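J.: This is what each chain is made of:
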Amino acid sequence: MKGKVDLKTIEIIGAIFGLLYLIYGVIESLSWLGWKIKLGVSPTGDLFAGLALITISAVYLVGLKRALENDGRAVAYIYVGALLGMALGGLALLTMGADAIETYIIHSEDFAGWDPLDDVTSYLILGVLSIFSYLPVKDVPRVSRE
Amino acid sequence: MGETVIALIGNPNVGKTTIFNALTGLKQHVGNWPGVTVEKKEGELEYRGRKFHVVDLPGVYALTAYSIDEKIARDFIVREKPDLVVDIVDASNLQRNLYLTLQLLEIGANVVVALNKVDLAEEKGIKIDPKRLEEALGVPVVPMVASKGEGIEEIKKAIAENLGRKPKTLRYPNFEPYIERLVKVIELDGKLAGDYNPRWLAIKLLEGDEGIRGIIEGSEKRDEVMKELINVKKELERKYEDLELAFADGRYGLIDQITKRAIVAREERMTFSEMLDEVFTHKYLGIPIFIGIMWATFKFTFDVSAPFSDIIDWFFGWLGDAVGSHIANDALASLLRDGIIAGLGSVLVFLPPIAFLFLAFSWLEDSGYMARAAFVMDRVMHRFGLHGKSVIPMIMGFGCNVPAIMATRTLEDEKDRILTILVNPLMSCPARLPIYAVFAGAFFAGKEGTVITSMYLLGIGLALVIAWLFRKLIFKGEPSYFIMELPPYNRPNWRGILGATWARTEKFLKKAGTVIFGGVVVVWLLSVTGPSGYLGSEALENGELLVKSWVAVLGHALQPLFSPMGWDWKAAVALFFGFIAKEIVVGTLGVLYGVGGEETAVSHAIAASGTFTPVTAYAFMAFSLIYVPCVATIAVIKGEAGWKWALFAVAYEIILAYLVALAIVGIGGVLA
Chain V
1 MKGKVDLKTI EIIGAIFGLL YLIYGVIESL SWLGWKIKLG VSPTGDLFAG LALITISAVY
61 LVGLKRALEN DGRAVAYIYV GALLGMALGG LALLTMGADA IETYIIHSED FAGWDPLDDV
121 TSYLILGVLS IFSYLPVKDV PRVSRE
Chain B
1 MGETVIALIG NPNVGKTTIF NALTGLKQHV GNWPGVTVEK KEGELEYRGR KFHVVDLPGV
61 YALTAYSIDE KIARDFIVRE KPDLVVDIVD ASNLQRNLYL TLQLLEIGAN VVVALNKVDL
121 AEEKGIKIDP KRLEEALGVP VVPMVASKGE GIEEIKKAIA ENLGRKPKTL RYPNFEPYIE
181 RLVKVIELDG KLAGDYNPRW LAIKLLEGDE GIRGIIEGSE KRDEVMKELI NVKKELERKY
241 EDLELAFADG RYGLIDQITK RAIVAREERM TFSEMLDEVF THKYLGIPIF IGIMWATFKF
301 TFDVSAPFSD IIDWFFGWLG DAVGSHIAND ALASLLRDGI IAGLGSVLVF LPPIAFLFLA
361 FSWLEDSGYM ARAAFVMDRV MHRFGLHGKS VIPMIMGFGC NVPAIMATRT LEDEKDRILT
421 ILVNPLMSCP ARLPIYAVFA GAFFAGKEGT VITSMYLLGI GLALVIAWLF RKLIFKGEPS
481 YFIMELPPYN RPNWRGILGA TWARTEKFLK KAGTVIFGGV VVVWLLSVTG PSGYLGSEAL
541 ENGELLVKSW VAVLGHALQP LFSPMGWDWK AAVALFFGFI AKEIVVGTLG VLYGVGGEET
601 AVSHAIAASG TFTPVTAYAF MAFSLIYVPC VATIAVIKGE AGWKWALFAV AYEIILAYLV
661 ALAIVGIGGV LA
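Protein sequence lines correspond, in order, to chains V and B.
The first sequence begins at 1 in this note's numbering and counts up by one.
The second sequence begins at 1 in this note's numbering and counts up by one.
One or more hints might be untrue.
Pairs of lysine-lysine, DSSO-like flavour, derived with a Cα cap of 30 Å [to be verified]:
| id | chain 1 | residue 1 | chain 2 | residue 2 |
| --- | --- | --- | --- | --- |
| 1 | B | K71 | B | K81 |
| 2 | B | K283 | V | K8 |
| 3 | V | K36 | B | K447 |
| 4 | V | K138 | B | K234 |
| 5 | B | K283 | B | K415 |
| 6 | B | K71 | B | K234 |
For the record, the hints were derived by calculation from the structure and aren't laboratory data.
As the structure is a computational prediction, the values presented were derived from the model and not from experiment.
Bound-form chain B, shown alone (with noise of 0.2 Å):
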């Protein structure tokens, strides 16, 4: 490259970024490691009138070559030899982090220490003092406090002054003589030794690393080396069952030394995060702490948020009126007051309680809970077939299908991902809440409360069994592993979740201003026109009227469907719509009742008009929390996993709603 080049390597979470950024300030860029599309980030750090180039190295906690990220980052120090190798430590991890340090040693890298987050190794009782793990290592330590930008200078220095210098050689007292004899045989050939360390050469020949053979494999003292190889595993062997393990063993009776050493005072204490977790992720209560959490969420959502969607009601009803007396041609009045007022009044009516919601789980995601939420759920999910992540999405099916249905990309593994977004519609969103008010208020008045939650449960219960079912039937085999470390705990960062919040509310917008909108608006020109024409603003509120519209033609069509379940030709209609949104279920009955869009005026006239009784209404609710819950969704699972999924979606809910609400009107019969 011509320049001194600097590489930054560190354990996942050590502070990489901060370090990163603080070095290279705003002149960097990003790209990919060749070959691989894993990111590349590179920069320009300027100290006293000398440039040096950083290159970011994949955060890793070995140089084993297991992952590609281990293998880039091996390969970088390796091959390109950077002139020094930062290594950054996380002081209150410090056994764990040496372990990498000990491989860039082995390697014969020029490493520099960076010793970030003795702060929070303080909080948690353990004292380091960097003279002492500095002779003890025997490469500089530059102790640091990133975040808060201490350190920053001192490592700067420490780069420039530690330029050429020879690093010390680290010995494992068990396995020094052989090292030596395999050493001897590589330094045959000069330009093999030249290359590459041969010390690590022989520890990597020793451990069974198949990437070293095949460096071997091209040496001219290919035969030598192999030989003494065999001769030399062979006595060790008989010493112990695992060379790898055995390596590994002497990297930590190292370590052990080290630390002893280093740390100067221990005081076992937890941090603040520590005691999070240690009841968050409890064995026993972190089930119902994440079950009350969710429901404080949930309370949050509809009982803050309520004066909210009052205003927004009561506005676009003054402006519906306020429009409508204005006008004075009858049809393009009851178009604006009708249609396309009320139907965005009744869509935006739940943007507060999206709104709110999306806020709640931004701040649940932003401060590092949901990441506990899925490690604590992952033994219930894993039982269902599902996998521990898949909660998030789940959870966030309560608050709209579409975004939860892309927050499934959390999944890695595919057939785990598919399984999530097939059941993910079976999470009861805010949409089918209006239908559950208006129907319990109308039969279950005083239990309104507890019908609604069982509403919410059989939700639940269904697409864990249904998820159950296909993990057995179509995706065969066992849900991923939990593999995922867990984030440390955040103050909250407001513009971040603001932000997400705003995203996440944006696109319930867009659906409400295009796909919910039109629906209503066909809604209402379906109703005030029929085979004979325009039928007047009357048919909204005029029975008779109606009937003979083009949406009681609709009715009457699809109405034999449901008359196993005793729905008439209003209710059939009502549930047609609901398939472009749940939104427009009651709206719809409103209009077919004539009571307009206010939920106890059609709860009233639903219970008066005696089609329905409390079993059938039960029926009608499963059916309505069932059946594909909107266009969007569909739309969504479509661009998600495709088309031959999004149709089986919609054929399975159909097919399990119908059978559910069949079985509630049969068994709810009998008992009746």
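Pulled out of the complex, with its shape left as it was, chain V reads as follows (with noise of 0.2 Å):
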């Protein structure tokens, strides 16, 4: 086995990322039904965006569920949830990238006064935590049962 992780270090990344994931997500969902709610961030609006995250935070919930299960299965839901949320976090990466071209290079006038920190979301924040829930599992195929 390259790594080892407990199935206890399963159950913590798993509890906190599902919350946080699950959060952020009912957030975005409300915002998409007009309720406009801040938690550090501005939610998106975008109906699908909360849909994606509370997805993802069912598949950490889900290995947290596993793990009490005392379930070795219970990393690869830990593994897929930081793959996807890091994916989610690269996303908004790109299209921050895409703005600031349509601003500073293009000089759009729809992005006249866009500023980098308007693409901050929910998900590109959750997507740089993810790497803190990826790096405990990225070698272990299987938890160990100790």
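Two chains, two frames, some hints: make the complex.
T.: Written as structure tokens, this is what we have:
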């Protein structure tokens, strides 16, 4: 086995990231309905962003459930949850890059007054944070049972 | 053949092609097996001054001869009698792969086992001792990691050293006395016993193999063999209900013993592919993850490609002005500026999102995810009479219906394929997006996102309902079952991904350069000319002049058809030209309202015209979504399914579009 991680770590990661993604997923979904709840970052108002965050939350929480059941497959959920989270974060960075091109190179009227902070979304921050859930499981095909 | 013949055999996805290529290098050729169009690969192997003719047999799980592939593989080994058979076994899936090995040994083939993917087996926590496996099977075993070139020299050596070797006889304890009795009678026919392995003939006869019965029919000892077979079968059937099943159990029993001896360590562990599949194909998580991935794909497509579209838009605007200002002749300047350059620009502005969409899809396909998407969506699609694999062309339809319809070729069943083709145009391609953007911006300010999303959902909903209806009325019966071995996940092969992206984008470029470009020029021509002749380029900016154009004549002729929906002659003309390509609709409206092709300007002009209400605008968007997407799509339907289905698609989509638009206006009028 390349690395080792115990079920306790899986449980902690699953609980923290499951809840974080759930909170921001709900905020994004509510913002689509018109409720503007700001928790550190402004919601985008994109319903699908909310659903995607809730889905990632579900992946982490299933991992937590499996870990609590002493099932070694729990690691798969943390691994995939982290990958999905980082992928969304990467997408947010690409979008920020595209908007920067619009602003600073093309000087598009639609982007007048745009600031990079405008593109700091919940899924960008969570994507960056997901690296911390990925690192402990990246080399662990299956969790040890001790 | 007069030369040493080596056959390569193995289950699908065991690395057979990699080993074949490593053994034969570039000295190979591809043909067909006699009488069937299944690819046959042959090559030459030179080792220590000796030449071997290598034949790559189809990937099979067994030699029961139920499928063409199995029949080809079995016939080759039984009839051609290769000097040696290299059986490629996936070490990470030893149990399943050994079934074929046992069948090869039953035939009496001189087998060398290439134990491939030992690295993957170790990753899964399975450690196999090749020596112990060799002893248990009674044939040489060469451990390999063919993808890294490990074990290639060793397998060449094993081939050279094991020619002419007598294989060990496989014994099935529960059946031995019965097999022996039959073998004794079969051996009475010397020719039969010389041509075939008598033990194999006996086992196959007991399993009820029709092909082997045919061989026995030609024997001079036919009666004796058949009589003994009946006696033996009678006795065996007292013990076993199904003899074929009993032999399969016998083989698995033997495999169990072999693997117990050969596997020296087993630590339950998942591979990375298994970890991904644990979640991606999860019963409940699979579909939301799929939807999330699709959303991310579209976000990447539209948001990240936007600056590139803007650059193209800016370039063609600049080019049009530059060319127009340097040409004195008004008609020629207008043709170049307002017709050709503006027309081409209005189409090429969609090149970046389309290329980005294809890039994302090619990556998802190459990574192996798309096969999982088809798998998780199968249950949903099945409910609506579609096959799981239909989901891929349907998603591709969001990019462009033309390649999406061509992608239905992956569906084996003709009914499933035609049905998928017919509903595919209802998937909203990016060409419709400017129409939604213009009308949502004009009449649903602040709720554009919701309104545009509702169009996509309307398309998906109608596609599923229509598929269900057509399945009940035209393509009666159930969609075929989803049988597909999920390919392994791959790291991105960027050369392949970019190649596939370019090949698909090129198709759009060709379409843009021909059909769409031509259409835009025709709109220009009909707008600056009329029954009284050339009206001047001012007609594009002056409503009073435009009314005298051919395009106005056409619009007024069509307008009664659309009057129930409350649309004017300009809307009718835009929809008419939308037949050529949906990209033309906004451009046409821009020309007719005298504001050019810029979306915001068209939006303001439509809102100010007083022609549309929110309800009639929504109906216009729905009509644009549903009625025939473009000439190129009709052409590709004709190419893939024939004229009959192409005309059917055009007819049903126009009727459906009309009914849905009428319903929206009717219901919306009541609610408003």
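J.: Please go over all the hints and tell whether each is borne out by the structure.
T.: Hints, verified against the model:
1. B/K71 with B/K81: Roughly 14 Å separates the two Cα atoms, so the pair holds.
2. B/K283 with V/K8: holds (26 Å)
3. V/K36 with B/K447: OK: V/K36 and B/K447 at ~16 Å, within 30 Å.
4. V/K138 with B/K234: Violated, at roughly 59 Å.
5. B/K283 with B/K415: Roughly 28 Å between the alpha carbons, so the hint for B/K283 and B/K415 holds.
6. B/K71 with B/K234: Between B/K71 and B/K234 the Cα gap is close to 28 Å, so the pair holds against 30 Å.
In the structure shown, a violation is registered for the earlier hint numbered 4 alone.
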